[in-house]
Amino acid sequence: MAEVVVVTSGKGGVGKTTSTAALGAALAQFGQRVVVIDFDVGLRNLDLVMGAERRVVYDLINVTRGEARLSQALIRDKRLDTLFLLAASQTRDKDALSEKGVERVISELRSGFDWVICDSPAGIERGAALAMRHADVAVVVTNPEVSSVRDSDRIIGLLDSKTVKAAKGEEVEKHLLLTRYDPARAGRGDMLSVDDVVEILSIPLLGIIPESKEILRSSNLGVPVTINELSSEPGRAYMEAAQRLNGEEIAVTMPTERRNILNRLFGRRAA
Amino acid sequence: MTLLDFFVRRRTAPIARERLQILLTHERMAGSDSNLVTVLREEVLAVIAKHVTIDPDKVEVRLERGKVVSVLEIEVEVPNPPAGRTLVTSKRRRKAAA
Chain L
1 MAEVVVVTSG KGGVGKTTST AALGAALAQF GQRVVVIDFD VGLRNLDLVM
51 GAERRVVYDL INVTRGEARL SQALIRDKRL DTLFLLAASQ TRDKDALSEK
101 GVERVISELR SGFDWVICDS PAGIERGAAL AMRHADVAVV VTNPEVSSVR
151 DSDRIIGLLD SKTVKAAKGE EVEKHLLLTR YDPARAGRGD MLSVDDVVEI
201 LSIPLLGIIP ESKEILRSSN LGVPVTINEL SSEPGRAYME AAQRLNGEEI
251 AVTMPTERRN ILNRLFGRRA A
Chain X
1 MTLLDFFVRR RTAPIARERL QILLTHERMA GSDSNLVTVL REEVLAVIAK
51 HVTIDPDKVE VRLERGKVVS VLEIEVEVPN PPAGRTLVTS KRRRKAAA
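Each protein sequence line maps, in turn, to chains L and X. In terms of this note's numbering, the first sequence opens at residue 1 and continues consecutively. In terms of this note's numbering, the second sequence opens at residue 1 and continues consecutively.
If you're looking for bench data, these hints aren't it; they were derived computationally from the structure. Be a bit skeptical, because a hint or two may be false.
Computed far set for chain X versus chain L, every beta-carbon distance over 12 Å [claimed, not checked]: (1) Thr12; (2) Ile15; (3) Leu23; (4) Leu24; (5) Lys50; (6) Asp55; (7) Val59; (8) Leu63; (9) Glu64; (10) Val69; (11) Ser70; (12) Val78.
For each label pair, taking beta carbons as the anchor points, the in silico distance ranges come out as [as the list claims (entries may be wrong)]: (13) Met29(X) <-> Gly66(L): 40 to 50 Å; (14) Glu108(L) <-> Pro14(X): 41 to 51 Å; (15) Ser70(X) <-> Asp93(L): 38 to 48 Å; (16) Arg217(L) <-> Glu43(X): 26 to 36 Å.
Note that CB positions come from ideal geometry on N, CA and C, so glycine has one too.
Here chain L stands alone, though its shape is the one from the complex (with noise of 0.2 Å):
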């Protein structure tokens, strides 16, 4: 039986849909069987994130609809065998997506995968409330910066309220993803610290990925970044909070400043 996981954040442009591709491919290093979803019908992204925008031939709303079976529009991830995406729908609207649809089709995933792992679109309309339905544990994406916090702290209101766990009186797991962080920032007092974010919204922290330029690299290339910069320090941070997600107990790494040659023979802080 799968672990149905919500990637959401309410903020549009935090990491939500790098982060769904980084943590999918990561559980799948793992040997883990996962299925990474696009709920951002209309503006679909997750399949050029992981190099797979060529190969969508149905997606989720022909699915919902009965146009295509699952095991039809499953897209097999060419670098990890037990990877797949499930793309969202580009020319439908977001209204096409059905309640009992989205049921039928998270529930036909959860017997045959360990991962089902929902890339939730922005905002707090229909497709992110069916995003975050089905959902036994949510990864609240947060960038350190005023407005994002504030959208997550309503993402967790609603995750609290709108989804069926709720319903049932149970409750949906809910982790902090911090991504975009910069310590210079951070130390200089100019950013919010990881300490501020985890205490304001008071959920557990599952990983911090540092600003950096890897993960525009990998999008650009089409590959997560841990499968294209495993070494890299927010390769690292994406397959600790993997390795967390997956239940093992792991200290959160923080990331350090980079310091470049000038930097160090002045001793100043990078800006």
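Here the structure of chain L is known, so what remains is to put chain X in place on it, guided by the hints.
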């Protein structure tokens, strides 16, 4: 701006943190309040409907939060029996625990 401010740049993160804490405390409360208002509306409606026929769309429940006390305002429009009298609006005001 003092001379010191000019040389020592203010750290902005503590300000962000404080603003968020104040805002989110308020928003979390407002979130649960709106739920309270919905519940009150349904229950008050049910009680009144037992005795008089009312239009569910003509019931308004508002909760205004003040610093010391909050005001819960319930406005119910009750149509008169067809005797040709004027429309009576019953207005009940009471204080809710802050």
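Structure-based check of all given hints:
A beta-carbon of chain L comes within 12 Å of the beta-carbon of Thr12(X); the shortest separation is about 5 Å. A beta-carbon of chain L is positioned within 12 Å of the beta-carbon of Ile15(X); the least distance is around 10 Å. Not every CB of chain L lies more than 12 Å from the CB of Leu23(X), the least distance being 7 Å, so the non-interface label is violated. The beta carbon of Leu24(X) is not kept farther than 12 Å from every beta carbon of chain L, the shortest such distance being approximately 5 Å.
With a least beta-carbon separation of about 29 Å from chain L, Lys50(X) lies farther than 12 Å from that chain, consistent with its non-interface assignment. Every CB of chain L is more than 12 Å from the CB of Asp55(X) (nearest about 29 Å), matching its label as outside the interface. A cut-off of 12 Å between C-beta atoms confirms that Val59(X) is not in contact with chain L; the least separation is 24 Å. Annotated as non-interface, Leu63(X) keeps its C-beta farther than 12 Å from every C-beta of chain L; the closest such distance is 18 Å.
A cut-off of 12 Å between C-beta atoms confirms that Glu64(X) is not in contact with chain L; the least separation is 22 Å. The beta carbon of Val69(X) is kept farther than 12 Å from every beta carbon of chain L, the shortest such distance being approximately 26 Å. At roughly 21 Å from the closest C-beta of chain L, the C-beta of Ser70(X) stays outside 12 Å, upholding its exclusion from the interface. With a closest Cβ-Cβ approach of about 33 Å to chain L, Val78(X) is found to remain outside the 12 Å limit, as its non-interface label requires.
At roughly 45 Å, the beta-carbon separation of Met29(X) and Gly66(L) lies within the given 40 to 50 Å, and the hint holds. Taken as a hint, the range 41 to 51 Å holds for the pair Glu108(L) and Pro14(X), whose Cβ atoms sit roughly 49 Å apart. Roughly 41 Å separates the CB atoms of Ser70(X) and Asp93(L), a value that falls within the hinted 38 to 48 Å. The given range of 26 to 36 Å is broken by Arg217(L) and Glu43(X), whose C-beta atoms sit roughly 58 Å from each other.
Comparing the model with each earlier hint shows violations of hints 1, 2, 3, 4, 16; every other hint is respected.
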